[in-house]
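2 protein chains.
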Amino acid sequence: MPAGPDLEGAGAPLRVAIDAVMPEIDDGRYRAKRTTGEALEVTAHIFADGHDLIAADLLFRPSGHEDWQSVRMTELGNDEWAGLFVPKQLGVYEYTVEAWVDRFASWRADLEKRVEAGRDVDSELREGAHLVQQAADRANGDAHVALRTSAIWLADEGLPQDRRVAVATEPDLLELMDRHRDRSRVSRYRHVLELWVDRERARFGAWYEMFPRSQTADPARGASLREAAAGLPRVAAMGFDVLYLPPVHPIGHTGRKGPNNQLQGGRGDPGSPWAIGSEEGGHTAVHPELGTIEDFEWFIGQARELGLEVALDLAYQCSPDHPWVREHPQWFRHRPDGTIKYAENPPKQYQDIYPLDFETEDWRALWEELRRVACFWIDHGVRIFRVDNPHTKPFAFWEWLIAIVHAEYPDVIFLAEAFTRPKRLQGLAKLGFTQSYGYFTWRNTKYELTEYLTQLTTQPVSDYLRSNLFANTPDILHEYLQQGGRPAFLVRVALAATLGPSYGIYSGFELAEHVPAHEGSEEYLDSEKYQLRPRDWEAPGHITNAITRLNEARRAYPALQHNHRLWFLPIENDQVLAFVKADPAGGAHVLVVVNLDVRAPQGGWVGLPLAELGFAHDEPFTAHELLSGQRFAWQGEWAFVHLDPREQPAQVFAFERGVPEQAGGIGIRP
Amino acid sequence: MPAGPDLEGAGAPLRVAIDAVMPEIDDGRYRAKRTTGEALEVTAHIFADGHDLIAADLLFRPSGHEDWQSVRMTELGNDEWAGLFVPKQLGVYEYTVEAWVDRFASWRADLEKRVEAGRDVDSELREGAHLVQQAADRANGDAHVALRTSAIWLADEGLPQDRRVAVATEPDLLELMDRHRDRSRVSRYRHVLELWVDRERARFGAWYEMFPRSQTADPARGASLREAAAGLPRVAAMGFDVLYLPPVHPIGHTGRKGPNNQLQGGRGDPGSPWAIGSEEGGHTAVHPELGTIEDFEWFIGQARELGLEVALDLAYQCSPDHPWVREHPQWFRHRPDGTIKYAENPPKQYQDIYPLDFETEDWRALWEELRRVACFWIDHGVRIFRVDNPHTKPFAFWEWLIAIVHAEYPDVIFLAEAFTRPKRLQGLAKLGFTQSYGYFTWRNTKYELTEYLTQLTTQPVSDYLRSNLFANTPDILHEYLQQGGRPAFLVRVALAATLGPSYGIYSGFELAEHVPAHEGSEEYLDSEKYQLRPRDWEAPGHITNAITRLNEARRAYPALQHNHRLWFLPIENDQVLAFVKADPAGGAHVLVVVNLDVRAPQGGWVGLPLAELGFAHDEPFTAHELLSGQRFAWQGEWAFVHLDPREQPAQVFAFERGVPEQAGGIGIRP
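In order, the protein sequence lines correspond to chains A and Y.
With the working numbering as the guide, the letters of the first sequence map in order to residues 23 to 692.
With the working numbering as the guide, the letters of the second sequence map in order to residues 23 to 692.
Chain A with its partners taken away, still in its complex shape:
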């Protein structure tokens, strides 16, 4: 926009300023994220000097296309404008904003004010005729003729002025003038921004983490993948979408941990799947006890038939027995005596793990090999990776790896296990991770949940970070679950499944397994990381039904499949969280109320956003509770809820017009 100090040779400066375009992640250094079919709303501050009317277009195109598509933006007030487009294909889209002074619309608006004030507008009509004639000169064919004719009529003093004014205010003329506007006077936003478009599963999915070796009835011998497949129908029946497997590779012997993380594991101990590599192979091998690569492919095929997509762990670290230790010792850190350094976080020591040295002189070969690992599994049918501890490897590595994989396979999903500080977690999301673990397990009070989810669902974070709300993991059994009994599990899974379009649980959650390794620990007693854990899935107190209902509701209501529309509702009880999720495409809203107090019943009056729900103040309507199937008659802005943790601490409501046939009285706040 700025003309140089020397005006000679400078083009006539443009009058419209475009600023604060959103989404824009770090001035376009990183990409916003959406999925195919999910609209991207772009907002901007757009303004010009003076009083003229302006107009703006949102421009967009799949990367590599030359021609822009465009959609007219609308003013929201206060010089804020918005427009949206729906990406239809995977990969990169580009977008930017154009705006211009709309001289014809400005002229027309002024004309109408003058006419209203009873002025003679002959001079103005002749000015308008000039504008229209200029547009005619830019047009061809029918448009040229139509514009030329309008210009003649506007300038014709022989016609009554009201006839000429009628010509000026024809909607057809406005549309023609817009189409043939002077495109040399258009301001373009200074950045072309990029959007990364994933497939739907990147945004919406229920995850289930399972150790295949534990799918056995015999605690002395782990299941093979072919045996573990017997467990798939149960997971599918609960309505999960993704089955996440810890590493399936050979496990090292050196320093192998025994039950409960004992330093010296016994002969028969299976070892931690994250101590990857032995003489039987490394990151591209399948553990012989699990089977062969063909068994692995068969397993993911079985899962697929049940509607389950398999996600694999990508844990770039080695056991001391990993083939790379012999073949590429330069990829590890060495002591002055030449031995390789195991992992340490002083004073803690992890003798069974050799971290890779990403700063090795031979880093190019190392990076290429790690890429080969990812591509190996992609070639064998994996399209989702859960990435172990990405924050302990260089950000540049991940940015390179994800970009290079996505260039060929834009459908691959990377979930970052980034349980780290906020800036690093967000940094990993920005550089390309599809999804991120987060702090959900540690957000348990109404205040914490409101703060945290507000951040996750609002810009700028919502533009680039998709949190996968895992309610537990093999490493994280929160105190709330340890002490809250079955109600705590019901509360946490209801929160995860409704607050997060992506959420997950780890095996045993449905059985309310809650015993920690020791007091103050978030580790499980008899952790499955170090031993087999056969389970009785029908054990009393399981919450399989609640989980199944939640997953059914998630599939039925698009409001629960999106991250951008969440409102917390007023309720005068610090133990009750109430919120509405909305479908950005305008579908049905879902209301969720949760009693966070696992010890006592809690309730209160929830303030409903009636207008958004589409009901009048005096209109009775039906609140359909999706977990129990009950229907209630409600009316007005306030609805009473009462939640008993021993029965049903969480309720999920959809709404229907009219009153149910069988229902209690209508609750109206006194």
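Take these hints with a grain of salt, some might be off.
As the list makes no split between identical chains, a pair holds if one copy fits it or if it spans any two.
Claimed, not checked - Pairs of lysine to aspartate or glutamate residues, derived as DMTMM-like cross-links and limited to a Cα-Cα distance of at most 20 Å, are as follows:
1. Lys370 - Glu138
2. Lys110 - Asp178
3. Lys370 - Asp79
4. Lys445 - Glu120
5. Lys135 - Glu470
6. Lys363 - Glu134
7. Lys363 - Asp49
8. Lys445 - Asp410
9. Lys110 - Asp605
10. Lys363 - Asp74
11. Lys363 - Glu120
12. Lys445 - Asp49
13. Lys370 - Glu319
14. Lys445 - Asp74
15. Lys110 - Glu63
16. Lys370 - Asp142
17. Lys363 - Glu383
18. Lys370 - Asp144
19. Lys135 - Asp74
20. Lys445 - Asp41
21. Lys363 - Asp144
22. Lys135 - Glu366
23. Lys135 - Glu574
24. Lys135 - Glu678
25. Lys445 - Glu102
26. Lys445 - Glu470
27. Lys445 - Asp433
28. Lys110 - Glu97
Source of the hints: derived by calculation from the structure; they are not laboratory data.
Since the structure of chain A is provided, determine the placement of chain Y on it from the hints.
Frame of chain A, contents of chain Y only:
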């Protein structure tokens, strides 16, 4: 940071990410602003993978210098870092951030943890010796010798380990290692940002707007500049720093407005100074009734001797009698019949004003002429311009004009009269205006003032926009002043003078002139814009003393001269506003309490930030009220205030250690 898909030829990637650098206005498109001697604090998010310690430098230099100066940044927690520098010269500074993994500090921290855990650290000490030897190889002279010696000691198995550890943890070694670190592994922030450095008056000043022609005793004849100079000592004695004059140019005859904006002014009416230009000259002429250009220079010299700097109006518009209308008719808009269009905002018409057409084909010549106007007045001693209605001229014009003027005269101050929508007001500040009028006159309640001043004093707005809090202008007499009597004037000037390092009043404010043109109007009755207004400065009820005390306090306390440290204090009374201003350089705080209710006394307990004020909870101290000179003994976190609008609706406190000799009892909240 990202390596390309092809790693061959790529340098080893850097590990530290630098993000969210502040101030950064629109990704560096615009400059932050400071004044000479005013520190710029730069913050950033800085983080790396893994557990290594990192370090960061803030780099800065006056633009055009090749060498960077640097200052070490400190971590504030949560990966947020800060550093500051103090610009010493006018013009452009550049700044950016560098950060790196501090391998030696990381090694030393791990060593200490291992030693604490009682481990043998021989291997670690030999690793450290290697790091130190590498630094020695980068060093010369004494540093080389010192590092080499340390490396030998660290590696010497013959020495006791505690001696070797003592060598490792020497502060001198840490400092030497830092000085000779590996600079090839440093991440640099991706932008070099710019700071614009003004002189102090750009930040801090009390302005007084005066029509020189009204400085007359004869209502039939306006004062000349030589006569008006008699009014300067009075303004100087009140403690003002800047005397702002409306346009001093010849005034047009065509369409001249009479008293109270009457359409047909009489022969003897002086006309509006903003209807610029007549046969006697245009924007570079002085109105003959005011005198000559020499008289103007003499006038600003007289003012300067009294400590008053004269600011001139820059109003780029013309009366129909302006010489440009004849000489450059192409600089104006024309009707189809060839006549020039006067200003309109349909249905309103302004027949005495011809706006300039910035979109004329001849825009280059027009812009150059407007630059010539500004430079003419600069050549005649003006260094402050109050710019009339900048939002009705193209943004690109202002960006060009201010840049070209500042390149030669970096001490010139431009105040934007941008009473327009927020985005446009902010846009003008971003592109280079030194100061801006704003919405202060329309912010009168506690809520409004708190919201508005919080925005003005916090980032990002505080980085680029300096609001000049005018309490009234010839166009704006707010209802609060119209109806609130003398107390309202005391309230508003106290707020303006203490909330704004720059503030202003327009003549007559000190007399509490409050009669509007008509009900619902913000214009003055008998507005000075259209007629002479001789005044009796000693009229009963004047508030000259209060203004003088306020300006004295402003000069005495740097806290009132800065915009970046403002805290609103708790007080359970919606009619009382209480706030503290702090001196960024660590000088004395100032507390202000204002009763916004002009009809009744109000009071309450103010929550004091005792720790920031530097007093212990049990320590009595003196609150010195600067407007009345009274001293009070206070103690503890809560202080009682009581403000009677008929006496003194605003109090301004500085604090002194110890208890005053004469004071009432110590107020402690029950």
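Checklist entry - Against the structure shown, which of the earlier numbered hints fail to hold, in ascending order? => result Of the numbered hints, 2, 3, 5, 7, 11, 13, 23, 24, 27 and 28 do not hold.
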